[in-house]
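Trainee: As a plain string of letters, each chain reads:
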Amino acid sequence: MQPRDHALLARKQQRKRRLATLGSYAILTLGALIVLFPLYMAVVSSLLTTKQIGQQPPVFFPTNPQWHAYKAAFIGGHLSTYMWNSVIQTTEIVVGSVLTSLAAAYAFASFSFPFKRVLWAIILGTLLVPFEVTIVTNYKTVEQLHLLGSMWALTIPFMCSAVGIFLLRQAFLGIPQEMREAALLDGCGPIRYLFRVAVPLVRPQLAAFTVIAVLGAWNQYLWPLLLTSNDEAHRTLQIGLKALNAGTFEGYGTVLAGAVIASIPMLLLMVVFNKQLVRSLTGGAVK
Amino acid sequence: MSTRRSTRVREAALGYALILPALMLVTVFILYPFFRNFSLFLYHAPPYPGLPSKWAGLSQMWQTVSSTSFLQGLEATLIYTVLVVPIGVFLGLVFAVAAHQKLKGMAIYRTVFATTAVSSVAVAAVVFGTFMNPVFGLLPWLGIDPNPSVLQNPTWAMFAMAVIGLWQFVGLSFILFSAGLQSLPEEVLEAAKIDGAGAVRSFFQITVPLLSPTIFYVFTVGTIAAMFTFGQMDLLVGPGGASFVRVNTLAYQIYQYAVTTPNPGVAACISIALFVLTATITFLNFRFLERRVNYAT
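From first to last, the protein sequence lines stand for chains A and B.
The opening residue of the first sequence carries number -5 in the working numbering; numbering runs sequentially from there.
The opening residue of the second sequence carries number 19 in the working numbering; numbering runs sequentially from there.
Isolated chain A, as found in the complex (with noise of 0.2 Å):
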């Protein structure tokens, strides 16, 4: 080949990849604006005015921002106190499912006793069962055990997750066993080794896994839905839209500012901790 055909060919190959390069962006943004419109609108909808609603060609930009929808949705829609239910509902839930991964996942990973691969095996298990096909037994087992009416109902049967014990098991199997041995031989008891040494040691994923249980928890909607649909005292914030979705005129902005209510704790989790959702959906896979 002659230099001057390399050259020729290096151009080529150059404008090629431009228009792959323009292409990508092209997909992309395209793409974007089609899975972000539906969240854009319902922001900007929950802002219009009275008369800006229905409005042919629709408002794109809140030219005049109302924030009525907002307390409409927040008081008329008890969007408040369901507010504060999702926060405990999450917070129990959170803390219940990582203390119990915590625990299991050390015993799994760092202590023998007989019969552990079987009840490894048994938890593993479990990730195949799909909640939804439990749900007429599990509301006997909460109503017997007294539960119905109060904030437990709705969190205890998720206080354990195979997830979780799954991703901190790999987390501290990670942890050198010379480790451990060094630390109980230096006095240091197993307890307070795990604690003390080995949970600073896994952090990136136990921040992983709470990120993903805060998730489930936030979004839940068949099991609130079972308990909630007529207690309004213990219903969460996404069984509340269900109710603000009346379709009417006066409910439209009123919907989705409790829409945007609800998704707003989701995307700021998402945005700050991206990293440690990627990590835990893809069951640690990404490093």
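Among the clues, some could well be false.
To give an idea of the interface, some chain B residues facing chain A are shown, with a C-beta separation under 7 Å as derived from the structure [as the list claims (entries may be wrong)]:
no.: 1; residue: Ile37
no.: 2; residue: Val44
no.: 3; residue: Phe53
no.: 4; residue: Ala116
no.: 5; residue: Ala117
no.: 6; residue: Lys120
no.: 7; residue: Val136
no.: 8; residue: Leu156
no.: 9; residue: Leu160
no.: 10; residue: Phe246
no.: 11; residue: Pro282
Some, not all, of what chain B presents toward chain A, calculated at C-beta under 10 Å [unchecked claim]:
no.: 12; residue: Leu43
no.: 13; residue: Gly68
no.: 14; residue: Tyr127
no.: 15; residue: Val188
no.: 16; residue: Phe237
no.: 17; residue: Thr241
no.: 18; residue: Ile242
Cβ-Cβ distance ranges computed for the label pairs, FRET-style [to be verified]:
no.: 19; chain 1: A; residue 1: Leu261; chain 2: B; residue 2: Pro172; range: 34 to 40 Å
no.: 20; chain 1: B; residue 1: Val206; chain 2: A; residue 2: Leu195; range: 30 to 36 Å
no.: 21; chain 1: A; residue 1: Gln138; chain 2: B; residue 2: Thr173; range: 43 to 49 Å
no.: 22; chain 1: A; residue 1: Asn58; chain 2: B; residue 2: Val100; range: 40 to 46 Å
no.: 23; chain 1: A; residue 1: Ile82; chain 2: B; residue 2: Val206; range: 48 to 54 Å
no.: 24; chain 1: B; residue 1: Thr173; chain 2: A; residue 2: Leu195; range: 54 to 60 Å
no.: 25; chain 1: B; residue 1: Val83; chain 2: A; residue 2: Thr15; range: 24 to 30 Å
no.: 26; chain 1: B; residue 1: Val100; chain 2: A; residue 2: Arg190; range: 50 to 56 Å
Don't read these hints as lab results, they were simulated from the structure.
Each residue gets a CB set at the ideal place from its N, CA and C atoms; glycine is no exception.
Given the coordinates of chain A, work out where chain B should sit on it, guided by the hints.
Mentor: Here is chain B on its own, set in the frame of chain A:
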């Protein structure tokens, strides 16, 4: 010798104590209710609460799965899954590949796509449902004006449900594919570009085969999730809706037999049927799709 043995016993005791809370919760709230289905499905629910249940044997299962409502539910569940999963896998893959470059602004795109993965089904349904309102929604502006409205229209309601599910699934699909791409050897993807392979050709001939384990994983996860969907159906249509039978998925039927018209026997029958169906589809995925998966990398 005896001290060593006592240490071992003590270690085992502590180990059991540590797994006890998790094991108890798993037993009471997952294993017990799951296996309980296999005894519940053998009994007819009593006509009045408090009366003894009547033995039905396998007949109740047969009656349930051959009933019109079950078959309609099965149809709805499968249509929903077919509408959402393949498109969601494809779009997530395309966006992830496009975003997997050292270009400016990619972090922003990544955040945008992830927003749908953190949105709850209630938020997604309420937002889309509002915009699908025939009077003050966005559809008239788009020139779509079906009568009756989309959500009440037996032909279109399921498409509306699928759009909502698709929107939610694309985010997760994107995240999983982005992670899969990061684990691929950079040189191979680079080599394909330098080789002068066109974008479309290198996508189908290099990226897709390399990513086949991830594709298989996303496909399986998406299918299982889709088979158990009922949130947007409940929020936007509900038992009173004109399009109800078209969107009354099997998961939604379990919920109704648990709450609205309590019938533990029938609920157990549908639960078992849906579980077996999903397990079979997952197994077939493994059997036939995984064969074409390339684990070489």
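Trainee: If you take the shortest Cβ to Cβ gap from B:Phe246 to chain A, is it below 7 Å?
Mentor: Constraint on B:Phe246 satisfied, holds at 5 Å.
Trainee: Please test the hint of 24 to 30 Å on the beta carbon pair from B:Val83 and A:Thr15.
Mentor: 54 Å, violated
Trainee: Can the suggested window of 40 to 46 Å be confirmed for the beta-carbon pair A:Asn58 and B:Val100?
Mentor: 45 Å, holds
Trainee: Would you check whether B:Ile242 satisfies its interface hint, that is, whether its CB is within less than 10 Å of any CB in chain A?
Mentor: Interface hint status for B:Ile242: holds (7 Å vs cutoff 10 Å).
Trainee: Is the hinted range of 34 to 40 Å satisfied by the C-beta distance from A:Leu261 to B:Pro172?
Mentor: At 35 Å between Cβs, range holds.
Trainee: Does the Cβ-Cβ separation between A:Gln138 and B:Thr173 fall within 43 to 49 Å?
Mentor: Since the Cβ atoms of A:Gln138 and B:Thr173 sit about 45 Å apart, the hinted range of 43 to 49 Å holds.
Trainee: Can you verify the interface hint for B:Gly68: is its Cβ closer than 10 Å to any Cβ in chain A?
Mentor: For B:Gly68, the interface hint is violated, since the closest Cβ of chain A sits about 14 Å away, which is over 10 Å.
Trainee: Any CB of chain A closer than 10 Å to the CB of B:Phe237?
Mentor: 15 Å, violated
Trainee: Is it true that the C-beta distance of B:Val100 to A:Arg190 lies inside 50 to 56 Å, as the hint says?
Mentor: With Cβ atoms ~53 Å apart, the hint holds.
Trainee: Given B:Tyr127 as an interface hint, is its Cβ closer than 10 Å to any Cβ of chain A?
Mentor: Since chain A brings a Cβ to about 5 Å from B:Tyr127, closer than 10 Å, the hint holds.
Trainee: Taking the Cβ atom of A:Ile82 and the Cβ atom of B:Val206, is their distance within the range 48 to 54 Å?
Mentor: Holds - the Cβ-Cβ distance for A:Ile82 and B:Val206, about 50 Å, lies within 48 to 54 Å.
Trainee: Next item in the hint list is B:Leu160. Is there a CB on chain A closer than 7 Å to its CB?
Mentor: With Cβ-Cβ at 10 Å, over 7 Å, it is violated.
When held up to the earlier numbered hints, the structure conflicts with 3, 6, 9, 13, 16, 17 and 25 and fits the remainder.
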